[in-house]
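Please model the complete structure; the sequences and the hints are all you need to start from.
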Amino acid sequence: MHDQHAITIIDTGYVRPGLCAAYLVESGGRAALIDCGTATCAQTVLDAIDAAGVPRGAVDWLMVTHVHLDHAGAAGPLIRALPNAKLVVHPRGAPHMIDPTKLIAGAKAVYGEAMFERDHAGMLPVAEDRVVIADDGHVVELAGRPLLCIDTPGHALHHYSVWDAATRSWFAGDTFGLSYRELDTANGAFVLPTTSPVQFDPEQMHASIDTLLAKSPVSIRIAHYGEVTECTRLAADLHAQIDAMVVIARDAHGHADRHERIVEGLTRLYTGRALAHGIENAGARVQDILGGDIVINAQGLGVWLDRQARAG
Numbered sequence: 000m001h002d003q004h005a006i007t008i009i010d011t012g013y014v015r016p017g018l019c020a021a022y023l024v025e026s027g028g029r030a031a032l033i034d035c036g037t038a039t040c041a042q043t044v045l046d047a048i049d050a051a052g053v054p055r056g057a058v059d060w061l062m063v064t065h066v067h068l069d070h071a072g073a074a075g076p077l078i079r080a081l082p083n084a085k086l087v088v089h090p091r092g093a094p095h096m097i098d099p100t101k102l103i104a105g106a107k108a109v110y111g112e113a114m115f116e117r118d119h120a121g122m123l124p125v126a127e128d129r130v131v132i133a134d135d136g137h138v139v140e141l142a143g144r145p146l147l148c149i150d151t152p153g154h155a156l157h158h159y160s161v162w163d164a165a166t167r168s169w170f171a172g173d174t175f176g177l178s179y180r181e182l183d184t185a186n187g188a189f190v191l192p193t194t195s196p197v198q199f200d201p202e203q204m205h206a207s208i209d210t211l212l213a214k215s216p217v218s219i220r221i222a223h224y225g226e227v228t229e230c231t232r233l234a235a236d237l238h239a240q241i242d243a244m245v246v247i248a249r250d251a252h253g254h255a256d257r258h259e260r261i262v263e264g265l266t267r268l269y270t271g272r273a274l275a276h277g278i279e280n281a282g283a284r285v286q287d288i289l290g291g292d293i294v295i296n297a298q299g300l301g302v303w304l305d306r307q308a309r310a311g
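Quick note on numbering that gives the first Met the number 0: the sequence shown kicks off at 0 and runs consecutively.
These are computed hints drawn from the structure, not numbers from a lab.
It is possible that some hints are incorrect.
[What the hints assert, rightly or not] Below, simulated DSBU-like cross-link-like pairs (lysine-lysine); rule was C-alpha separation at most 35 Å, straight line: (1) 107 - 214; (2) 85 - 107; (3) 101 - 85.
Structure follows, in structure tokens:
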């Protein structure tokens, strides 16, 4: 075991290196795993726990910030491999962990069978007696190190973030955006919001970012990818982009090529910001590193527009 406040980042290996993180938190000889990648990442995560010198029986908690499959898909296999672990999940996400039928069907519909097999094969239900519901304010006790679960919707209604008072830092899943280390420059980290389908809500996302900032965190650990500091600047960057993305989406609404227009608008937005951030060859780098995220963000904005339209 490491020092009492050890936090180990685990690259789950989902799609490419540096894309999807899980975090192993240690205290007093016990451990918690926060997020866990997709089902096909389960062995990689177990190997990383072993490599950290943490006995599998010492992992008391598997905490999933939300039930999107790149955060929670491996929960079923991992709960079977970690004999003492309980799954800590948002009340809205718990039914989907106990019976993942809908999650699996949804993933197959979005990704197709081939991609589902590549990235998500091996998803398993989690026994109800191994599930702990994390209502807003729920505290997970990790051998004297309290981990506080706070509701942070905006990316998903089933999303909580974890405040670790010991290090004055958050584990924020997808609430504090995407920030890939390949896009770091002398100006620091480059961040953008993640609005993937189907529950993006701009007002909730603004509020959740403010919730994170209200604790004056030293750092925020995100799933995609790693630990970021300069939390105040990054929060301002996220707020500005959420507003800009809403404008792009609304301008595209009602057009037959709405999705393409949103993709184009987001590409322009992020490329302009990348240039200003000092990212060399910004156009190509944004396409290369953020291309997939742009399409997913555009899809999520489209779903949000349709929901707004239905609400009248």
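Open item on the list: Under the constraints set out in the numbered hints, which ones does this structure not fulfil?
Closed with: Hint 1 is the one this structure does not satisfy, whereas the remaining hints hold.
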